[in-house]
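Peer 1: Using our numbering, you'd call the opening residue of the sequence shown number 399 and step up by one each time.
Please note: incorrect hints may appear among the correct ones.
Stated by the list, open to error - Beta-carbon label-pair distances, calculated as ranges: (1) Arg881 <-> Trp532: 42 to 48 angstroms; (2) Leu462 <-> Ala1081: 52 to 58 angstroms; (3) Arg525 <-> Leu463: 26 to 32 angstroms; (4) His689 <-> Gly888: 55 to 61 angstroms.
Stated by the list, open to error - Derived pair list, reagent style DSSO-like, types lysine-lysine, alpha-carbon separation capped at 27 angstroms: (5) Lys609 <-> Lys650; (6) Lys1077 <-> Lys495; (7) Lys1077 <-> Lys1026; (8) Lys1078 <-> Lys1026; (9) Lys495 <-> Lys1078; (10) Lys1116 <-> Lys1026; (11) Lys1116 <-> Lys1077; (12) Lys1078 <-> Lys1116.
The hints are simulated quantities; they were obtained by calculation from the structure and are not laboratory data.
No residue lacks a Cβ here, since even glycine has one placed at the ideal position from N, Cα and C.
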Amino acid sequence: MTTHHDPLVHLHTDRTHPPADEDGGPPSGAPSAHRRSRRPGFGRLWRGRPEDPRRVRPAFLGLLLATAVLYLYNLSASGYANSFYSAAVQAGSQSWKAFFFGSLDAGNAITVDKPPAALWPMALAVRIFGLSSWSVLVPEVLMGVATVAVVYAAVRRRFSPAAGLIAGAVLAFTPVAALMFRFNNPDALLALLMSVACYLVVRALEDGRTKWLVWAGAAIGFAFLAKTLQAFLILPALALVYGVCAPVRLRKRLGQLALATAAIVVSGGWWVAVVELWPASSRPYIGGSQHNSFLELTFGYNGLGRLNGEETGSVGGGGGPGGGSGGQWGETGWDRMFNSEIGGQISWLLPAALILLVAGLVATRRAGRTDTVRASFLVWGGSLLMTAAVFSYMAGIFHQYYTVALAPYLAAVVGMGAATLWERRERIWASLALAAAVTASAAWGYVLLDRTPDYLPWLKVPVLVGGLVAALGLVFAGRLGRRTALAAAGLGLVASLAAPTAYTLSTLREGHSGSIVTAGPSGASMRGGGPGGGPGGGGFPGGGNAPGQGQGQNQGQGGPGGFPGGGTAPGAGGTGRNGQTPNAQNGQNAQNGGPAGGPSGEGGRMGAGGGGMGGLLNGAEVGDEAKKLLETDADAYTWVAASVGSQNAASYQLGTGDPVMAIGGFNGTDPSPTLAQFKKYVADGRIHYFIGGGAGGGMGGDSATASRITSWVEAHFKEVTVGSATFYDLTSPTA
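Given only the sequences and the hints, what does the whole structure look like? Please build it.
Peer 2: Here it is, written out as structure tokens:
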């Protein structure tokens, strides 16, 4: 065999070699000449490992540069993206207290319904560079580039440079990754930290050093502060793999796992302890909870409620396990990752990844217990399967973009599996498995492209034909000449990546804003079956369309829905991508979900009124007259205004730069403030205006609190109409 000289298959599978040293260089037992030959500074950075071909490190750096350029392209088209989190970022840049707690406003009335770690990088950037679309979103792009680098490094350690490059490219060109690494939800930081945790566990499996496992626990604990219990989805897989495969005695393995658990508790629990011990009267209300408790939020609304659909104060759950009749958040079941709602986001290479995972485990079936190649498959593959299984059957709130969590695991498995089978391509089973993976990718790519027949209709046939031709060549790869075999492999890679890359490029060309966003072109991810939901719309409470329902660029054209508390279906009235109007990219701010106030407050006029679902999922328009009204004597008040629902409040806050109180939190269902507290704020002269027409009305929450405040204000204060919006001057009683 000539594979040991082939750069595609430079695998570190020989268990007679000691593990690589701590900085990713050659094995610690290698001759010292290797270390002496390393070039310091920029030379080392550009050259990489001395034993690598000269083109390896430039190719890796080129991948990172290409990822950064692509993700930065057209970035400002999304404006402030999710105004809910952008308002919290703005607040954190103005108040260190708001920064620490993750408050939605600098007056510290209420927090977002997540812990604040994902807000911190953005808030620091805004403190340094000022509030703009770029200062909010560039940190997310950098997280995406870092995640690609981590996945490459993890795969490269025990596999070939080509395996690492394939894994990095698969991640970078996954549509949902291109969406969420340019968006300000917590998922970007979560994906980065989960990738770091897997990388550190792989390092711990190489030499059994405790420090790597403890650092992995610290990464998972900090990820908890980004998106609570979702960070723990991969813990069973990681703990089991290390407990079985680590190259140390069993007693030490158990002790190391205990120390890693302690690291999780410390790195994630310190903030929780401070919040729970802090007097409730001097901190903001914990948004998303019904009793002002972060632990309640963690294990209820953001925890078990996501699994069983029982989310007090939420908008309801999804279909029943096993693929029920469907619900607000789509049907559950084993095929959820492949259906019309999710498939175009993440599943392009999922069939291939499953084939390659099985093949990788078969290839290492005779290896010893501590074999690091097999352990790598188990770490990344186990994380992929655990996360996909939970996503497939969770009955609570589930958004398509959650699947970005799968992207690093899927990419790593594809890179490792392709390299492992390529090395063994002279064996018929390996060449057949490699051909099957390419065939599955091409065939599934054809199916997904066929779901959007108006988008690049010419592409699906070349993808299918190219994949089948490549697969035929790969069947005989072990018998073909090196150049012919490489040509078949290259064609297979192109055919597998062409379709998701097209969806990724479509994602990069468009701005995305609001609470529910999807990747790809029109129709790439829809609930129901047609524009605006169409036939078969999912049973949203009281009728109407399910959240996110709609078709690509026509998302937001759903008809009126009977959402509790009034309002229309998510995105109702929008005409652009995810409810964004076509003028949003030209300085005109979007209606019902477009950038609230525009980057740095510039650009276009915002009118007034709630966005989709009465302002629940998307922001409001804030016109110049409304801004002028709220900014008058703004310094004399803690909050220039109050409004029901966080998105509505966030839009006005971003438009004016001044704190706006969100009554009831995101859904308008949190019992904060109470009517008595609100009356006291008004009596103390701390709130200037009340904005009418906000969102409100989740399921099971205390939406009556917001209703009582609204009724009291309407009965006792002077009404001021500005454009199409209604304000109540809380300093001017009617009697």
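Peer 1: Run through the hints listed earlier and report the numbers of any the structure violates, in increasing order.
Peer 2: none
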